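*Asks:* The residues making up each chain are set out below.
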Amino acid sequence: MSLLDFLRPRPKNTANIARERLRIIVAQERATRDGPDYLPLLRNELLEVIRKYVHVDPDAVQVNLERGNDGEVLELSVALPEAGRATGTSG
Amino acid sequence: MSETIVITSGKGGVGKTTTSASLSVGLAQRGHKTAVIDFDVGLRNLDLIMGCERRVVYDFVNVIQGEASLKQALIRDKRHDNLFVLAASQTRDKDALTQDGVGRVLDELKQDSFDYIICDSPAGIEKGAHLAMYFSDRAVVVVNPEVSSVRDSDRILGLLSSKTRRAEKGEGAGSQHLLLTRYNPVRVEAGEMMSVTDVEEILGIPVLGVIPESENVLAASNSGVPVIHDASSIAGQAYADAVSRLLGEDVSMRFLDAPKKGFFKRMFGT
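As they're listed, the protein sequences go chains A and B.
Take -1 as the starting number for the first sequence in the numbering used here and just add one per residue.
Take 326 as the starting number for the second sequence in the numbering used here and just add one per residue.
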């Protein structure tokens, strides 16, 4: 580093940002990789239905396909907001 | 015993053809009878990188369609008489490559006692890329330390573990290696580029080699002499190391650290 470099603003450590973004997206894509192509669509439609009744975050719905010895299990988990904050809109 | 190795990446422009050329020259230099095949139908380029573009008479598709024998289509390398290039066809017909046809050509190469068959995959995940990996025993995934290349590599790793003949036969995925290209240790140290460790951790497969960014790579492709021939360049040396590791030798990684600067450079240099 030369003397002049002290006068310049230091660039952010973007390598760390890249690494963290990739960790998340790669893990997400691996989870649905071997599943059928309809999984992302299924997840979105489920999310829409759930949101009619409860206000949840877009990433609150997780759809996983587990392969066991006796076949496949579609696992669905929905993280609901804390009680009291739920905003049911059904009517 | 012959081995089929696919050089793949998903993303284009990361150095698949450069890598295919240098690894196959390296294997030939080490005494192994090697064939390198360009699977990029319609966008032939391996011949240019290998410096044999004016000697292409017949290509891969001609052999598959029975218009030429394999012997007629294989181009012997000028420098190594145990190295042969099979050029891609310039046809625009994407269906020119068939699974049967590719399988037959690879079988014939094995009967011809080739030790290594290097398949230079096209970018993408279409038919050409699929066929390049389908018959492979091992895979070298070429990756740049950059977000889109890393993500695409992971996608390719998924295909390698499910869409190859080995995987379909239930023999499990063949061995997979990462090869990082355009690595710039100075930028890694400055936090501007992901490190080898970062990429290795994200993708979860072992690193076969790290090729530092080097002006010699362009010079090599300009002149049609694979960069591994340039023993004075660090990129050439890094490829030679990767060949050793491909052959199972334990060679430690070089060129991962930024060169130390002298006093004057530190005070006044850039």
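To be clear, the hints were calculated from the coordinates, so they are not data collected in a lab.
Note that this is a predicted model, so its numbers are computed, not measured.
Warning: the hint list may mix true and false statements.
As the list claims (entries may be wrong) - Partial selection, computed: residues in chain B whose CB lies under 7 Å from chain A:
#	residue
1	Gly391
2	Val472
3	Gly483
4	Leu484
5	Met518
6	Ile527
7	Met578
8	Asp582
Cβ atoms here follow ideal geometry from the backbone N, Cα and C, with glycine treated the same way.
*Asks:* Work down the list of hints and note, for each, if the structure agrees.
*Replies:* To see whether the hints hold, each was checked on the structure:
1. Gly391: With a minimum Cβ separation of about 37 Å from chain A (threshold 7 Å), the hint on Gly391/B is violated.
2. Val472: 5 Å, holds
3. Gly483: Hint holds; Gly483/B Cβ to chain A Cβ min 5 Å, cut 7 Å.
4. Leu484: Violated, about 9 Å.
5. Met518: 6 Å, holds
6. Ile527: At about 5 Å, which falls below the 7 Å cut-off, the nearest Cβ of chain A leaves the hint on Ile527/B intact, so it holds.
7. Met578: Cβ of Met578/B sits 18 Å from chain A, so the hint is violated.
8. Asp582: For Asp582/B, the interface hint is violated, since the closest Cβ of chain A sits about 16 Å away, which is over 7 Å.
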